[in-house]
Amino acid sequence: MFTKKNIAILVVVILLIGTMALLSNRRSSDTAEDNGATTDGVTTIRVAAFPDQDSGFEAILDDFHAEHPHIKVELDINDFDNHHQALLTQIAAGSNVPDVANIEIQFVGDFVNRGGFVNLLEEPYNAGEFEDDIIPYKWAQGTNEATGELIAMPLDVAPGTIFYRRDRFEELGVDVEDLNTLEDWIEVGLEFTEGEDDRWLFPDAAIIYEMVRRSGEEQFFDNDGNPIVTSDKFVRAFELAKQIRDLGLDGQIGEWSNEWYATFEEGTALAHASGAWLGGHIQNWMAPETAGKWGVTNLPDDMYVNWGGSFLAIPEDAQNKEAAWEFIEYVTTNVDVQINQFEAANIFPALVDAFDHEVFEESSDFYSGQNVRQFWLDSAKKVPAVNTNRYDTIAQDAVGAALTEVLEEDKDIMEALEEAETLIKRRMR
Amino acid sequence: MNSSDIKTNKVTSDKTKNKKTDRFRLSIKSAPYVFISPFFILFLIFGVFPILYSFFLSFHSWDGIGQMEFVGLSNYAYVLNDDWFWESVKNTFIIFILTTIPQHIIALSLAFVLNSGFVKMKEFFRGSYFLPYITSAVAIALVFDVILGHRSGLLNAILIQLETLPPFAFLFDSVGLDLPVRWLAEARWIRFSIAGLVTWRFTGWNMLIYFAGLQNIPNSLYEAAEIDGANKRQVFTNVTLPLLRPMIFFGVTMSIIGNLQLFEEPFILVGGDGGAGRAGMTTAMYLFRTGFHWRQFGEGSAMAYILAIFIVILSLASRKIFHKENDL
Amino acid sequence: MKNSIRGSIKKSLLYIVLFLGVLITFFPFFYMFVLATRSRAEIFSSTQTLWFGDHFINNLQILRDSVPIFRNLFNSIFVATIGTAFTMFFCALGGYGFAKYDFKWKDKLFFAMLATMMIPGLLSIIPWFIMMNYFGWMDTFYPFIIPGIANAFGIFLMRQFMESIPGDIIDAARIDGCGEFEIFCRIILPISKTGLSALGILTFLGSWNALMGPLLILQSEEMWTLPVALTRLADSAGVDYGATMVGASIAVVPIIVVFVIGSKKFMAGMLEGATKG
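Protein chains in written order, with the numbering used here: chain P, 1 to 429; chain E, 1 to 328; chain U, 1 to 277.
The shape of chain P in the complex, shown without the other chains (with noise of 0.2 Å):
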């Protein structure tokens, strides 16, 4: 009479042990892990970034294991957004940080900004005396505003850029070199994709506002932090991306997606603008089989802009912060170290001696022997002094969903334009 009782009792009994034996196992092992880790003499540090980071960082371990034998460093990638998105609930809460955070310029002024890193300026770290190696403006951009603590180590920079189709151009029998102004490549483009429906000079109008929107040093901010997305600088980005629509000379395809992947496997664009980060991208695993067939050259008009680059922080609630700067310090410091995350995925260094490396004057088949680092480290040299604020994001979304309206909807570009300006302030508080 009772056994069932019983039994309906120790089931119950035995679920609540197991589960939480379960649930707690985990935590329990990954303490166990922490400690072993480091009793053993080994730390195991935890690096967070994003693609294509990590093959800048996978071509330097075997190094950095090889000389700090007393650390293993786990790597932690995510996509961009996730990635970035993670890292803030992992500060906020506290939990679950990494000890090395990967940082995209894009986020850069709200991480340095917003708190939960430490301040590389002190000791232990006493990355004051690397400043002078660094190019100066991305040590700027790591450097929080008010209290002038360096919080995010400058690991590369990225020199805009635009990746051509060599076989296409040609099939068109157009030089590039002569190529200079925006109003030249629409030409090349009107002829590219006369009487074609799956041909296009870029894959998305929305590129042309990227380019021109990053000219300049002031990005969305000016220098003492309003809003400048009024200025004449984006009336002619949206302009500009509004005139490429409407010439048909885009295929409105959106950055990362597969549609997007599919016009450099099978040149139906002509052309792409980017960070000289993305030709890592199309050489690994976008479109490797096209090899041979990629050019390079300056984006039109002189704009010579940073597209992309990305710095190294630790966070407050980190474990391992020593070893974990020790990691830092030697991806961000040494030339030669610089120079492999270089070659591995187009990761430019930020450190200014390894512009006199070597490496420079290989010229690569990829791109049918064109030397295009010498060409991105000549851009490179001619970025202006880009600044960074906390509310970029913010700012990138609104432009942005202001760019789908005047693109999609034929909103006044104006109109537009002053609306993301209200939206911005109002989230600037």
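Errors might be hidden in some of the hints.
Under the rule of at most 16 Å between Cα atoms (straight-line distance), these lysine to aspartate or glutamate pairs were calculated in the EDC-like manner [said to hold, decoys possible]: (1) E:Lys29 / U:Asp235; (2) U:Lys264 / E:Glu123; (3) E:Lys29 / U:Asp65.
Here are a few chain E residues that face chain P, going by a calculated C-beta distance under 7 Å [claimed, not checked]: (4) Gly64; (5) Ile65; (6) Arg151; (7) Ala187; (8) Ala276; (9) Gly277.
Some residues of chain P that are not near chain U, with every Cβ distance over 10 Å (derived) [unchecked claim]: (10) His65; (11) Ala66; (12) Ala86; (13) Pro124; (14) Trp139; (15) Val176; (16) Glu218; (17) Leu240; (18) Ala262; (19) Asn334; (20) Lys425.
Quick caveat, the hints were computed from the structure, so don't treat them as lab data.
Even glycine gets a Cβ: it sits at the ideal position worked out from N, Cα and C.
The hints should help you fit chains E and U onto chain P, whose structure is shown.
Relative to chain P, chains E and U alone:
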């Protein structure tokens, strides 16, 4: 009630007898409290407290890292003056209308047909239609993502084939369908795409609710109607529909609550930013973005309260429309 | 005669419509399996593929290189099973308390609980997140198991089912000397099978499909549930869509199999649940 009182007495006396033999034995007085207390304790912690805390947060400005600051009603003012918030409300309602109406009409007809006895393989059909409801929203949204693709999507490929037939060409022309359609990249189509996916997923669920309702209608009522010479359509409109009112109320209310919180489907189909022109940004997604992307916990909480008020108002409205006073 | 011909035409039309509906329902699943066997180039080329290809093994390999998918599957099963078991037990307990006892504040408590069902779950997502963080439950499964016990809908559903249990049985048991908890375990639970299974199915499905909560809480990939893993997969550039579809199939197939096997009971439970709810 009376009889149970007597029984209670009897049992209590029975209980006193056994008291010594089992110290852990629950008395009939304390048993209900013990039984409902695990629920209520957890409910206070995880159900009630967050609701109150959300109320508290809605009067503060906080990003989860820095200092919390009291800002009075300004979060509410902020949300109510936020164009993007109202756009998200608009999107939500358009998607709600686009999906709820077909969902319930199809579900009701299916339930009626499957209940009416002249269809064989009832269980097969019922099970099949219900299948979408039980499967993972994320997995299915990913498939729809491919089907609805612009240049490589299956739906466009089919439509392009159909366009070669004159009647379809005319039809497409008249609704302004410009092939290939950018189902997930053009503001005006995004809402249709999301509504389509939601309809596909939840029609079976509503069918089941209506089916359950139909089974509760006694056959004698139908027979009586048939004796009175009513045909199938008349039976449906005069007997079935009125009797199904509470079920329709339940179904529509569930749809309101579900749709205003629509998250997974648009999140996967168009991404967290709502896609082109934010046409796919539902209020739930906007709340998620405000809270967890921009870290505006205070504004997000105010938004949640405003959304909750909408849901309550709509649920009451649905009660007014579909409920007769004497029901329930 | 004329009537019967018209009738049969009508009937066949009806069947055509019904089967068309089945086709629309089944097709996305079929297409998912097809895509799981195709390479990215094949999926996004302009020629359509409607039959299985030979990239399944390859896709599975890519999938396993990208995420610990079987660990994610295990996580999903684990969270859903344990969470459902807890919810079923405690909701039955609470529902029984409400259905078969008289006590002070009973109606008020029950009404208060019902009232909270009107409040959308979204309302508490931000404080919920802050609380989970405060409890140190980030990146653990607790947030999907413990709070789920406080399921107002579950209590409501179970009360509806248990109302109809005749009081005589309970009284008879009491006379036999059974304790209150024993009555619950020995008598009430077994005869509430239909209700429990309806609640269990709904809870299980809810947990299996949940995205927003897990997306916020589960940070490391070994802790992801299937929906989170799929979302991350779809977001990450460079993972073949075919591989993502293999993942989607892994999320869908177990449920379909269970559904097909237990379809009759499943539908009966759901029907009953829908009526009572």
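Going down the list of hints, with the structure as the test:
For a cut-off of 16 Å, the pair hint linking Lys29 of chain E to Asp235 of chain U is broken: about 56 Å separates their Cα positions. In summary, the hint linking Lys264 of chain U to Glu123 of chain E is supported, as the alpha carbons are separated by about 8 Å, within the 16 Å threshold. Pair hint Lys29 of chain E plus Asp65 of chain U does not hold up; C-alpha atoms about 59 Å apart against a cutoff of 16 Å. With its C-beta approaching chain P no nearer than about 4 Å, Gly64 of chain E sits inside the 7 Å limit, and its interface hint holds.
Because the smallest distance between the Cβ of Ile65 of chain E and any Cβ of chain P comes to about 5 Å, under 7 Å, the interface hint for this residue holds. Given the 7 Å rule on beta carbons, the hint for Arg151 of chain E holds: about 6 Å separates it from the nearest Cβ of chain P. This hint holds: Ala187 of chain E has a C-beta 6 Å from the nearest C-beta of chain P, less than the 7 Å allowed. Taken as an interface hint, Ala276 of chain E checks out: its beta carbon lies about 5 Å from the nearest beta carbon of chain P, inside 7 Å.
The restraint placing Gly277 of chain E at the interface with chain P holds, with a minimum CB-CB distance near 5 Å, inside the 7 Å limit. Annotated as non-interface, His65 of chain P keeps its C-beta farther than 10 Å from every C-beta of chain U; the closest such distance is 22 Å. For Ala66 of chain P, the non-interface assignment is confirmed: its Cβ lies about 25 Å from the closest Cβ of chain U, beyond the 10 Å cut-off. Listed as outside the interface, Ala86 of chain P is inconsistent with that label: its C-beta sits roughly 6 Å from the nearest C-beta of chain U, within the 10 Å cut-off.
Once the 10 Å rule is applied to beta carbons, Pro124 of chain P is consistent with being away from chain U; the minimum gap is 28 Å. With a least CB separation of 30 Å from chain U, Trp139 of chain P remains clear of the 10 Å interface cut-off, as annotated. Even its closest Cβ contact with chain U, about 27 Å, leaves Val176 of chain P beyond 10 Å, as expected for a residue assigned away from the interface. Residue-level check passed: Glu218 of chain P sits 30 Å from the nearest beta carbon of chain U, beyond 10 Å.
Residue-level check passed: Leu240 of chain P sits 27 Å from the nearest beta carbon of chain U, beyond 10 Å. Distance to chain U contradicts Ala262 of chain P as a non-interface residue, since its nearest Cβ pair spans about 5 Å, not more than 10 Å. In this structure Asn334 of chain P is separated from chain U by more than 10 Å, as the shortest Cβ-Cβ distance comes to about 28 Å. Interface exclusion of Lys425 of chain P from chain U stands, the closest Cβ pair being 24 Å apart, more than 10 Å.
Comparing the model with each numbered hint stated earlier shows that hints 1, 3, 12 and 18 do not hold.
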